[in-house]
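Protein sequences, first through last, are from chains A and B. Heads up, the first sequence is in the working numbering, so the first residue is 1 and it goes up one at a time. Heads up, the second sequence is in the working numbering, so the first residue is 1001 and it goes up one at a time.
Careful, some of the hints might be misleading.
Now the stretches of chain B that chain A is said to cover, found in silico as 3 or more residues with beta-carbon under 8 Å [stated by the list, open to error]: (1) 1028-1039; (2) 1074-1082.
List time: in silico BS3-like cross-link candidates among lysine-lysine, alpha-carbon distance up to 25 Å [said to hold, decoys possible]: (3) A:Lys-374 - A:Lys-317; (4) B:Lys-1091 - B:Lys-1072; (5) A:Lys-57 - B:Lys-1025; (6) A:Lys-202 - B:Lys-1031; (7) A:Lys-202 - B:Lys-1087; (8) B:Lys-1030 - A:Lys-202; (9) A:Lys-180 - A:Lys-129; (10) A:Lys-317 - A:Lys-280.
If you are wondering where the hints come from, they were derived from the structure by calculation, not from laboratory data. Just so you know, even glycine gets a beta-carbon here, dropped at the ideal spot from N, CA and C.
Here is how the chains run, residue by residue.
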Amino acid sequence: MITRRRLLEGASAGAALAGFGGLARSPRAYAGELDLPAALPSGLRGEAALEALPGKKPLIRMSYRPPNYETPIEYFRDPITPNDAFFVRYHLSDIPDATDKAIDPTSWKVAVGGDGANRELALTLDDLKALPPVEVVAVNQCSGNRRGLFQPHVPGVEWGYGAMGCARWKGARLKDVLDKAGVKKEAIEIVLNGADGPPVDKTPDFIKSIPVWKAMEDTTLIAYEMNGAPLPHLNGAPARIIVPGWTGTYWMKHIISIKAVTRPEASFWMNPAYRIPVGKFPVVARFITQETAANTPITEMVVNSLITSHADGASVKAGSLTVGGIAWDGGYGIRGVEVSTDGGKSWRAATLGQDLGRFAFRPFSAGVPASSGKLTVMARATNNIGQTQTAELIANPAGYHHNVMHSVTLTVG
Amino acid sequence: MRIVTALTAALVSSLVALPSRANEKPVELKKAPGVEKVEGNCAACHSLDYIKMNSPFMSAATWDAEVTKMIKAFGAPITDADAAAIKDYLKANYGG
Chain A
1 MITRRRLLEG ASAGAALAGF GGLARSPRAY AGELDLPAAL PSGLRGEAAL
51 EALPGKKPLI RMSYRPPNYE TPIEYFRDPI TPNDAFFVRY HLSDIPDATD
101 KAIDPTSWKV AVGGDGANRE LALTLDDLKA LPPVEVVAVN QCSGNRRGLF
151 QPHVPGVEWG YGAMGCARWK GARLKDVLDK AGVKKEAIEI VLNGADGPPV
201 DKTPDFIKSI PVWKAMEDTT LIAYEMNGAP LPHLNGAPAR IIVPGWTGTY
251 WMKHIISIKA VTRPEASFWM NPAYRIPVGK FPVVARFITQ ETAANTPITE
301 MVVNSLITSH ADGASVKAGS LTVGGIAWDG GYGIRGVEVS TDGGKSWRAA
351 TLGQDLGRFA FRPFSAGVPA SSGKLTVMAR ATNNIGQTQT AELIANPAGY
401 HHNVMHSVTL TVG
Chain B
1001 MRIVTALTAA LVSSLVALPS RANEKPVELK KAPGVEKVEG NCAACHSLDY
1051 IKMNSPFMSA ATWDAEVTKM IKAFGAPITD ADAAAIKDYL KANYGG
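Given the sequences, and given the hints that come with them, work out the whole structure.
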């Protein structure tokens, strides 16, 4: 039997390549133990548990139905998140079984059309695979990752740090599929729908749209492979939309419908859901056809980083200490990561690890002196357009874009 | 594959919440007046850990808004009387 601890030790081999392997592991015993951040709502802390869904390693259960399970931080020691540890997030609980005709790879089809398309067509998985294959390593992060850390708390799925993952996605360009249907010049958005849906007919189906310009980017895909394997059932099998740089809400799972449209999509999930206040966040990518005076759809991810080499509260030996983690952003790429051990008064540059592309987790590591007592290590990433992380939470009603600098407090003995 | 509204109505009227996912275990809520309304209505569409997860920080106004959202935005077939009982229960047992 492969225990979780052994799996994580295996994962550290990948971490060594990434640049921060070989350092002292946290003495924490992993098997079955869940050490949630104290800042999460106490109601969640009392209920969440490590639990394995079919085909998955034990992940942190936020909710059974619809299933929302986050990835434990230890998996982020490697810049690629394994498929069986990749987080699971659904809005609505009617999820087709893997054998359902709608998503069975042998019967699955995606319909392409809309009033902004010249013709309608349907593609099978074989049709999709016949198009030029493209691979991109990209982070899929839930808009509400770290929502549970908001102070004051806001309602929603109270995620900790693990509603994200980074995989090597392979698929066809969405552009190539849209070109088959012919997108009219009047088209403004591409509307995406998956095979999952609501348990009650009156509940709005989970439907999203993206601007045509984003849909036409070379890296926006209909992916049928994840890390060299078919997509796991609960990560959108047999094919899902990949929108590198943008938050996970647009990465439609179990994609069955793609429409080019000439009017803004008006589903509940475009408005009022998944909105951020105008002007509060340093984001470049706009979704102009959906903007209002007050708010705008969330788009690209804000620059962020996470210390993964040591768990908060871990004990380490005095002397020279190497800390490490990952950094990512909305696709501009990571320019640098700095660490501080004095609460942000002074910073030292970390060494960046393996570069898997501008949409991927970028590993970092840094040596810091550690003398006996408590040591708080903080990380701060900067991207290639000079954006950096915030020290103070940027409040917003739905709890999105949490990129407050992460820190861990270690006991040095 | 879709649970039809008729079935949802049956679930609600029988006050039995059938988990739709194999791994799902019952979520124990505080035994207090109104709990059966919560179990009978809310669990038709989602597991009840959603309630515990969003506690105890939610104010009375936030719980009211959440229940109203489930009815108005999500189309939950909940009677006015049940909605009032659910709001009272959540505010009394899972409020801040």
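Non-conforming hints, listed in increasing numerical order
Of the numbered hints, 1, 6, 8 and 10 do not hold.
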